[in-house]
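Letter by letter, the sequence shown follows residues 1 to 327 in the UniProt record's numbering.
Do not rely on the hints blindly, as some may be mistaken.
As the list claims (entries may be wrong) - Taking lysine-lysine and the BS3-like style, the derived pairs with C-alpha atoms no more than 30 Å apart in a straight line are: (1) Lys-119 x Lys-75; (2) Lys-181 x Lys-154; (3) Lys-239 x Lys-131.
If you are wondering where the hints come from, they were derived from the structure by calculation, not from laboratory data.
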Amino acid sequence: MKHRTTAGLAAVALASIALTGCASGDDGGSGNAAASSDGNVCEVTPAAEPSPAPSPSEEDVAAVESIEVSGPVGKEPKVTFEAPLEVTTPTSRVVDEGTGEELAEGAQVTINYVVIAGKDGSTSGSTWETKKPESFTLGDPQYDLLNDRLIGQKVGARLLMASTAMDQTIQVTMVEVTEAKEIPTRAEGTAVEPEAGLPTVELAEETGQPTVTIPADYEEPTELVVEPLIEGDGAEVTKDQTVTVQYAGCLLDGTSFDSSWSRGTPTSFPLNGVIPGWTNGIAGQKVGSQVLLVVPADQGYGDQENGAIPANSTLVFVVDILEAKAA
C-alpha cells in the first residue's frame, strides 16, 4: 500500500509494508502465481507508477512563499505563517540548497523534520525534539513527496512543503537532509547450500530479484525456518536496530503479496516493529546476507486476515540485509 504523504512524517509508519500489518495485493506485489510440475512459482513485477500530482496553483505557491523560516542549519527551525494555511496540492520551496554531497536516487538519506498543523500553526511532531532522525532510500515510492524534491539537492538542504496529511488536514513540513550514504542494492557474500526440501530461490542476474518456487509436496512448518542463502561479512544484526533490506513475500500457493524489488528501492524499518518471524529471523544474521524465511502463522498474522494475506497463512520471504544501524 502506498501513501502519498511526507515520508513517514507525523505518525505515518516508516515501514508501511506488509510486515507492519499493512499488506496489499496492489502495493508492490503482483499477485501473480504459476504452477509447474516442481511446485508453485512466485514472481514479482514492477508496480504501476503513481499518477502525478497536479501542479501547484499561483495561490498555492504564494501560500508557501509566505511561510517564514528562521534559525540556522543543523538546529530545529522556527516556522511561522498566518493560519489557517491552505494548499490544493503538495507545494514546496527550497529554503537552503546545502553544501554537501549531491543527493542521487538510490542513496540512503537521513533527515530531521518538524511538522506543523496548517490549521493553527501548532507543532505536531519533530525529530529534533525526539532526537530520532529518519532514514530512507531516495526513490522509495513510499516517500514519493520527497524523492523528486530532494534528488539533485545536496546534504544540508532544507526543504519546506505544505501538503495534505492522511487525515486530510493541511500540514507544513520543514525537512533538513543531514546525511547521505551509498548502500549496496543486493546481498553480497558467500553462497550457502540450503537444506533440501525448502522453497528454492533463483536470482535475476542484474537486479538480484528473486523468483521463489515452493515444492509441490512442501509441508507447512510449525516453527520458524531461517535459511541463509548468502552469508555476508558485515556486523551481526540485533533486534533493536533499524535495518535496510530488499525483500519479497509470497504465500505457499505462489502468490506474491509484497516486494521492495517491485517498488525499485530498498526499505528501512525498525526490526522490533515488524512481525515476530522477521524480528526473530533477521536478528543474528550478518549485514550483506540473504536469508530465506518461512514464517508460520503464529509468527506472522495468526488468525487475522491482512490485506492480500488470508488468515492462518504461512509466509515465505527472501530478504537481502543491506544495512543495520541503531534505531
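Going down the list of hints, with the structure as the test:
no.	hint	result
1	Lys-119 x Lys-75	holds (24 Å)
2	Lys-181 x Lys-154	holds (12 Å)
3	Lys-239 x Lys-131	holds (20 Å)
The structure shown violates none of the earlier numbered hints.
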